[in-house]
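I would like the entire structure built from these sequences, with the hints used as guidance.
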Amino acid sequence: ILCGCDAKSNNITTSLIAAEKSKFQRGRAISKARTCHDTGITISGEEIIEDLYNSKMQLIPFAISPLGLFGPTINRFLYGKSIDSDNIHNISATSFPHAHKMAKRASSAEVPSNILERANDIW
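In terms of the working numbering, the sequence shown has 920 at position 92, counting the first letter as 1, and numbering is strictly consecutive.
Any given hint could be a false lead.
No farther apart than 16 Å at their CA atoms in a straight line, the calculated lysine to aspartate or glutamate pairs in the EDC-like style are these [as the list claims (entries may be wrong)]:
| # | residue 1 | residue 2 |
| --- | --- | --- |
| 1 | Lys929 | Asp879 |
| 2 | Lys884 | Glu945 |
| 3 | Lys909 | Glu945 |
| 4 | Lys929 | Glu875 |
| 5 | Lys929 | Glu878 |
| 6 | Lys932 | Asp866 |
| 7 | Lys849 | Asp914 |
| 8 | Lys929 | Glu945 |
| 9 | Lys932 | Glu945 |
| 10 | Lys932 | Asp914 |
Restraint-style ranges between C-beta atoms, simulated for each label pair [unchecked claim]:
| # | residue 1 | residue 2 | range |
| --- | --- | --- | --- |
| 11 | Glu875 | Ala847 | 18 to 24 Å |
| 12 | Asp912 | Met885 | 32 to 38 Å |
| 13 | Ile871 | Val939 | 20 to 26 Å |
| 14 | Glu875 | Asn948 | 36 to 42 Å |
| 15 | Met885 | Asp914 | 18 to 24 Å |
| 16 | Ile876 | Ala846 | 16 to 22 Å |
| 17 | Thr922 | Asn948 | 39 to 45 Å |
| 18 | Gly896 | Ser850 | 17 to 23 Å |
| 19 | Ser920 | Gly868 | 38 to 44 Å |
| 20 | Gly896 | Cys864 | 31 to 37 Å |
No lab work stands behind these hints, which were simulated from the structure alone. For glycine and all other residues, C-beta sits at the position ideal for the given N, C-alpha and C.
This is how it looks when you write it as structure tokens:
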């Protein structure tokens, strides 16, 4: 996670984590779905995350502060920075089971990390 050495840094880090959480946790709960007026299809954000998760696709949210600081998930992906918590986004496994699994997998060994250094070594 970003260095939270003072109150302002902690506030920025908290905001970045909340922004990432909102990408994983779409909507208010499993049962909250919306109908597309063009297609008539009704699907919830949680169902979309479930489809992605079951297809072995990974959502890696980009959260960037106004000063250009990256959130912890994209920092891990690009630079290999460790994420200190197993559930940093504090997503309820009961209300959002697939979002919880998707967020957890984003910081696991199943998802590449430190890709910029790896790409630099290859080139």
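Hint check, failures only: 2, 6, 8, 9, 12 and 19
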